[in-house]
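From first to last, the protein sequence lines are chains A and B. Under my numbering, think of the first position of the first sequence as 1, with each following residue one higher. Under my numbering, think of the first position of the second sequence as 1, with each following residue one higher.
Hints were generated in silico from the structure; no laboratory data involved. Backbone N, C-alpha and C fix where the C-beta goes; we use that ideal spot for every residue, glycine too. Hints are supplied without guarantee of correctness; some may be wrong.
Claimed, not checked - Here chain A is said to cover these stretches of chain B; the calculated rule only asks that three of the stretch's residues, wherever they fall, bring their Cβ under 8 Å from a Cβ of chain A: (1) 2-8; (2) 11-21; (3) 31-38.
Stated by the list, open to error - With beta-carbon atoms standing in for the labels, derived distance ranges: (4) A:Leu13 - B:Ile25: 18 to 24 Å; (5) B:Ala30 - A:Trp120: 28 to 34 Å; (6) B:Arg37 - A:His144: 18 to 24 Å; (7) A:Ser197 - B:Thr48: 55 to 61 Å; (8) B:Ala33 - A:Ile76: 31 to 37 Å; (9) A:Leu79 - B:Ala33: 30 to 36 Å; (10) A:Ile73 - B:Ile11: 35 to 41 Å; (11) B:Arg45 - A:Ala17: 20 to 26 Å; (12) B:Thr2 - A:Leu180: 56 to 62 Å; (13) A:His83 - B:Ser26: 16 to 22 Å; (14) A:Gln182 - B:Ile11: 18 to 24 Å; (15) A:Val33 - B:Arg45: 46 to 52 Å; (16) B:Leu18 - A:Val162: 45 to 51 Å; (17) A:Ile19 - B:Ser26: 19 to 25 Å.
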Amino acid sequence: MALIDLANPTRFLALTARILPWLAIATAIVFAVGLYLVWFAPDDYQQGATVKIMFIHVPNAWLAMAVWAVMSIASIGTLVWRHPLADVTAKAAAPLGAAFTFLALLTGSLWGRPMWGTYWVWDARLTSVLVLFLMYLGVMALWHTVEDPSRAGRAAAILTLVGAINLPIIKFSVDWWNTLHQPASVFRVGGPTIAPSILTPLLVMALAFLLLFVTLHFAAMRNEILRRRVRAMWLMQAHAAS
Amino acid sequence: MTLGPHAAFIIAAYAAALVVVLGLISWVLADHAAQRRLLADLEARGVTRRSDKAEAV
Chain A
1 MALIDLANPT
11 RFLALTARIL
21 PWLAIATAIV
31 FAVGLYLVWF
41 APDDYQQGAT
51 VKIMFIHVPN
61 AWLAMAVWAV
71 MSIASIGTLV
81 WRHPLADVTA
91 KAAAPLGAAF
101 TFLALLTGSL
111 WGRPMWGTYW
121 VWDARLTSVL
131 VLFLMYLGVM
141 ALWHTVEDPS
151 RAGRAAAILT
161 LVGAINLPII
171 KFSVDWWNTL
181 HQPASVFRVG
191 GPTIAPSILT
201 PLLVMALAFL
211 LLFVTLHFAA
221 MRNEILRRRV
231 RAMWLMQAHA
241 AS
Chain B
1 MTLGPHAAFI
11 IAAYAAALVV
21 VLGLISWVLA
31 DHAAQRRLLA
41 DLEARGVTRR
51 SDKAEAV
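Extracted from the complex, chain B is given alone in its bound form (with noise of 0.2 Å):
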């Protein structure tokens, strides 16, 4: 397969998509691990949610 005398823009496009696709995997799996960090903080200091405690009842 040859991409022509545009292979720049073909190659550029891609690069693109693969960056951008990248970026929002990552950015999903930072904000979990951060929200899964401060809720085992929360629990640590033994802050529970109203609808954990109505659950232990």
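So that you can see chain A by itself, here it is in the shape it has in the complex (with noise of 0.2 Å):
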């Protein structure tokens, strides 16, 4: 099968129906691997064992992002090529991106409180987090105001389009402006500055909540398809009653 074929919402519906169960295995084996290798990870120097919030704040911060640049890129598909899984794909994101943003908000505050001794500051990266999380929210909002899904998926695409600008900005406000928090320690130059026995959980972590993402994201679109058809089928027979 050529991976143009999966851009048909029909031979779609085929895939995930194949690989959605297995997703949700490879999902539940990772996470059993993560956490087993959280529960055994050392504390840290510094901050003790409240260093294992970070095993779930840093993947939710990452997907928080990650999730907005997939909406992004299927925005393109939508202003571009006017493709009906690209407005599929993003819509399905939204709430997917909400959650885990949301959840990287709250579990910073939570390891916030301890370690700088309160749960919020309005700064740089914490600021332009919570405006990602609100941008959600908008696009989200958005696609239940306007009733016809490919005029809805239009307005929400060139929303997200704009909204993609935050992206760098949360990336590089721990280096642009003074912040409480800590500067990049995974991805940047010159390699990651955590000790392999805190890396290795953070990365299998990581791993665990993107095929999260991924096995949520599919069954969300596989939803939102048969939303779709439901909704022609209704149009089809109003029509047909008039």
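Taking the hints as your guide, dock the two standalone chains into a single complex.
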């Protein structure tokens, strides 16, 4: 099957029916391995056991930005090629991205209180991630405001692409401005600054959350395709009755 | 393994992640069941999509 064939909604449904169970199993296994490694990971020499919050905070923070990037690429597909699966991709990803961003903010707060002495500061990193969360809610609201999915898709695509400006601001906020948040310690020039005993569980947990996103995204895309079929059939029924 | 003096924050963070992940899984499964039910209901009433009719020809 060529990659382009997957852009057909019927073929995509057939594919998801085959691979979703395997993705779900892989996600559960990687989470089990990740949590096992987290359990036995050493405490940080300064932060003690609170470093364990990092194993869920950081993967969710990465996904918060990655999901918006996925939505941005899909939005280009919507605006340039007007492909129906492109806005299905973006719409299905938005609630997942919002949930990951919420978790990044919440776990960050719970990590900040014992380490910084406060749940929240209005610095560049925290504020720009809060803006990202509000943009996710805005895109989701827009999808629910416009009834016609193709019109809603185009409006949401424009908002998504405008919002993509926030991604480099989030990434480089810790370098551009003074902030309580620590600078990049994994994806940085010169390599990670984290010890392997802590980096390994972090990367495994990141893979687990990535697999969770892929699984849920495929499932949510399948649901959205079915929702559009239901809508098309309702419209046909109403047209036939009139 | 001991969680130290800030155990409540660590437990709260993992509990929140568990609740959100289970919530997402439940939402996706419930939505799938709802859409399948609506499709089955429409098909039972004889409503089909244009593409279904084309495939049947």
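Now the hints, each set against the structure:
1. With 6 residues carrying a beta carbon less than 8 Å from a beta carbon of chain A, the segment 2-8 of chain B meets the three-residue requirement, and the given coverage holds.
2. A stretch counts as covered by a chain when three or more of its residues have a beta carbon under 8 Å from one of that chain; for the segment 11-21 of chain B and chain A the count is 7, and the coverage holds.
3. With 5 residues having a beta carbon nearer than 8 Å to a beta carbon of chain A, the segment 31-38 of chain B meets the requirement of three or more and the stated coverage holds.
4. Under the hint 18 to 24 Å, the C-beta atoms of Leu13 (chain A) and Ile25 (chain B), about 20 Å apart, fit the expected range.
5. Between Ala30 (chain B) and Trp120 (chain A) the beta carbon distance is about 33 Å. The supplied range of 28 to 34 Å therefore holds.
6. Distance hint for Arg37 (chain B) and His144 (chain A): a CB-CB separation of about 21 Å, consistent with the stated range 18 to 24 Å.
7. For Ser197 (chain A) and Thr48 (chain B), the Cβ-Cβ distance of about 59 Å falls inside the hinted range of 55 to 61 Å, so the restraint holds.
8. At roughly 33 Å, the beta carbons of Ala33 (chain B) and Ile76 (chain A) sit within the given window of 31 to 37 Å.
9. A C-beta distance of roughly 33 Å is found between Leu79 (chain A) and Ala33 (chain B), which places it inside the suggested range of 30 to 36 Å.
10. At about 37 Å, the CB distance of Ile73 (chain A) to Ile11 (chain B) agrees with the hint of 35 to 41 Å.
11. A beta carbon spacing of about 25 Å between Arg45 (chain B) and Ala17 (chain A) agrees with the range 20 to 26 Å that was offered as a hint.
12. Taken as a hint, the range 56 to 62 Å is violated for the pair Thr2 (chain B) and Leu180 (chain A), whose Cβ atoms sit roughly 27 Å apart.
13. Judged by the Cβ atoms, the range 16 to 22 Å given for His83 (chain A) and Ser26 (chain B) is violated: they are separated by roughly 30 Å.
14. A hinted range of 18 to 24 Å for the beta carbons of Gln182 (chain A) and Ile11 (chain B) is consistent with their spacing of about 23 Å.
15. Evaluation of the 46 to 52 Å hint for Val33 (chain A) and Arg45 (chain B) yields a pass: the beta carbon distance comes to about 48 Å.
16. Separation of Leu18 (chain B) from Val162 (chain A) is about 34 Å and departs from the stated range, judged on CB atoms against 45 to 51 Å.
17. Against the hinted window of 19 to 25 Å, the Cβ-Cβ separation of Ile19 (chain A) and Ser26 (chain B) comes to about 21 Å, which satisfies the hint.
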